[in-house]
Amino acid sequence: MLKGTKKTRLRMKVNGNPVEIMIKPTWTLLRVLREELSLPGTKKGCEQGDCGACTIILDGKAVNACLVLALQAESKEIETIEGLGTPESLHPLQESFLKYGAVQCGFCTPGMLMVAKALLDKNPRPAVKEIKQGISGNLCRCTGYVKIIKAIQNVSG
Amino acid sequence: MKKRGIGLGSIFFSIGYGFSRPDFCAATVEISPNGSVIGRSGEVDYGQGSDTIFCQIVAEVLGVRPDTIKLITADTLVTPDAGPTSASRLTYVMGNAVLKASQTLKKTLQSVAEGILGEKDLLFVDEEVYSETHPEKHISFKVLAKECHNRELPMVETGWHEITTEDVDPETGQGNAYATYAYATQLAEVEVDTETGKVEVLRIVAATDVGKAINPSNVEAQIEGGIVMGLGYALTEEIKLDRGYIQTKSLGDYMIPTSMDIPYIETHIIEIPVSTGPYGAKGVGEPALIPTAPAILNAIANALDVRVTDLPANLENLHRLIREKGD
Amino acid sequence: MQHFEFYTARHIEDALTFLSEKGERCKVIAGGTDLIPALRKEDIHPDFVLNVLELRSLNGITELNHSIRIGSTVTFTEMVESDILSHFFPSLVQAAASVGSPQIRNRGTIGGNIANASPAADVLPAILALDGELELESKKLGTRRLPLSEAIVAPYRAQFRQDEILTGIFIKKLESGTRSAFTKLGRRNAMARARMNLSVILRLNNEEVVEELKIVPGAVMPVAKRMERAEKMLIGKKPETSVVEATATAIVEEIVERTGVRWSTEYKVPVMKSLSKRILGELLT
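Residue numbers (our numbering), protein chains in the order written: chain A, 1 to 157; chain B, 158 to 484; chain C, 485 to 769.
Looking at chain A on its own, in the form it has when it is part of the complex (with noise of 0.2 Å):
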């Protein structure tokens, strides 16, 4: 066989969802959620951590899935944007985005409202300064982060 090619198996659980699949060694979490389990709700913004566009929830804890080799999710739970809400019935931080106006592309979004469910898991009442350093690693540059702070500040339920 070619060097390189032979796949390992992987088994995890995404939105709740057990996973087995068979994957190469080099392809990141990001790659596999994207294209081998047809999840491109995560985005692909710089793959190397500097943008927080592919911020998915690693066993409770908001990871960029650029930065994660798909085989270290080995057992390991992970929810993505598509896991969050339903279109019949959204999630509250989803409603609230709508409610103030606090997507514009779009492209930040779903890392936008991953690291806000990890942050709002944690601390349900955050004060606006601990939101801004929660979605510090996620870059926006149509909003300026006004009314996506302010929905993340207003969350109900």
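Please note: incorrect hints may appear among the correct ones.
Stated by the list, open to error - Chain C side only, calculated, beta carbon under 10 Å to chain B, not exhaustive:
no.: 1; residue: L669
no.: 2; residue: G670
no.: 3; residue: A674
no.: 4; residue: M675
no.: 5; residue: A676
no.: 6; residue: R677
no.: 7; residue: R746
no.: 8; residue: S748
no.: 9; residue: Y751
no.: 10; residue: K757
no.: 11; residue: G765
Unchecked claim - Some residues of chain C that are not near chain A, with every Cβ distance over 10 Å (derived):
no.: 12; residue: E489
no.: 13; residue: E692
no.: 14; residue: K761
Simulated from the structure, these hints should not be mistaken for lab results.
Quick caveat, the model's predicted, so the values are computed rather than measured.
The beta-carbon is built from N, C-alpha and C at its ideal position, and this holds for glycine as well.
Use these hints to put chains B and C onto chain A, whose structure you have.
Below, chains B and C alone, put in the same frame as chain A:
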């Protein structure tokens, strides 16, 4: 030592391409037999909200709910050309095209409704058409639409609006450069650490004349985003070239503001309507951002009595100016 | 991305055996925040990548009688949230809190920061000022200790053997009355490499004389080091303004001696001097 300063930046900025460059939009509005409304235009909404404006204008004219309008955009097969999303032009140009298409449709609907209801003072509100003085005389928009279709009246209209100007005299620079202008002033308050050259922007207040804010929340959002973009432009963003090759190739090197870098931002929407704009509206995309860097640089000058003439006013550049002034 | 084989070690013995077999063909991965970008850019070409994140013995922060042990795979977030570190080494917590972003801090590890040995690393000056010691393990040599001050010889070159894993960092508890501080100057307020950083440990005796002083500037030299000449100017003396000023001058003089005069010197010298005076002033009030 920390020193504070306040500065202003004031601009007027052109809407559209100007200088006799072709500048037009087409927009089609169609009412189907069941009363649902479809809009079609080549316009591109990449987050700034032109789709929303399209729907709001149709909704305002025809009295339908804006969130029920189905939009098809940016498809060369089925949408008419609306020109690029740039030059802060879509609300102003596309808005007028949408307005024209909607108003033509309304005329057709109105004349049929007048015949059915026997009144002329008709209002189109909340999916109903009714007489202002005799509101018991009413017909639903859906039923009216069906009736118009039954009578084989035209229920598809394309609006076309052009703002191409004549140009200016190449010798004197006088003439008709642009169709209209937006005006904006921003105030910046900064605190400079004179020992490190680090600038903390404490506060930015923006007053932006947009003619008419068809969607005030979106106008605010544009201004907020523009301010933060202007802040990065003034203080940290730099493309470094080495013999033509870009060195700052990643988001780690090209530094745009994070949530920890934003000041307190206050936006004031000024509405001085222009007769040439849809409902008096102009544009805001670029006016949102342009006054920011000048305001910040003026604030730095106010704080330090030092003039920054090269951007970005980053740590090293500003510190050098401070040292040179001190010498 | 290039080709490599990936192995997750579940027991330290397996990891050590694997490393002893593969040697320099193998790279160790913990949080991956430095390694994965390097792999993408093909700065390095390992045949094997060894994942140590599942090794229990590399995790955890423990208080011992005279020192604190920080497992090498402790993340920056875990450092920031640690009551033990907040109590014993607040300057180290400050340094950890200044790294990258919340996402980076949730994955990046203290061991990775040390092993990567970037000149601009944030926790290195803090650990150096605290005289931190590294614990290294290999199949061949077993466990050994190495002061951090001797571990990094050049930028991005930590002096570990090819078959060694960094398993922990030991820091001796400070004598009561010892104060510590860390400061970082970045171009923006988050996700910023240090333009310069600085960590200082200081203790005055009952007569207000400086008894202990350790100064480590970072991001201004190829390898962060204690400024021992500058320290000696203040140790045994009362910290009067003129003495503090002389100490700050000595710090930047030593930096320039080590790096030579470069384009950045005209900025580095006055600014590092100012930061030094500020941090010393802070510790002396």
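Going down the list of hints, with the structure as the test:
1. Using the Cβ-Cβ criterion of 10 Å, the hint placing L669(C) at the interface with chain B is satisfied: the shortest such distance is roughly 6 Å.
2. Because the smallest distance between the Cβ of G670(C) and any Cβ of chain B comes to about 9 Å, under 10 Å, the interface hint for this residue holds.
3. Annotation: interface hint on A674(C) holds; nearest CB of chain B at approximately 4 Å, less than 10 Å.
4. Below 10 Å, beta-carbon pairs count as interface contacts, and M675(C) has one with chain B at about 6 Å; its hint therefore holds.
5. Given the 10 Å rule on beta carbons, the hint for A676(C) holds: about 7 Å separates it from the nearest Cβ of chain B.
6. Proximity of R677(C) to chain B holds as hinted, the smallest CB-CB distance being about 8 Å (cut-off 10 Å).
7. At about 12 Å, the closest approach between the beta carbon of R746(C) and any beta carbon in chain B exceeds 10 Å, and the interface hint on this residue is violated.
8. With a cut of 10 Å, the hint placing S748(C) at the interface with chain B holds, because the nearest CB-to-CB distance is about 8 Å.
9. For Y751(C), the interface hint holds, since its Cβ comes within 10 Å of a Cβ in chain B; the closest pair sits about 5 Å apart.
10. A distance limit of 10 Å between C-beta atoms decides the matter here; for K757(C) the minimum to chain B is near 9 Å, and the interface restraint holds.
11. A distance limit of 10 Å between C-beta atoms decides the matter here; for G765(C) the minimum to chain B is near 12 Å, and the interface restraint is violated.
12. Not every Cβ of chain A is farther than 10 Å from the Cβ of E489(C); the closest lies at roughly 6 Å, contradicting the non-interface assignment.
13. Here E692(C) stays apart from chain A, with its beta-carbon at least about 37 Å from theirs, past the 10 Å limit.
14. For K761(C), the non-interface assignment is confirmed: its Cβ lies about 28 Å from the closest Cβ of chain A, beyond the 10 Å cut-off.
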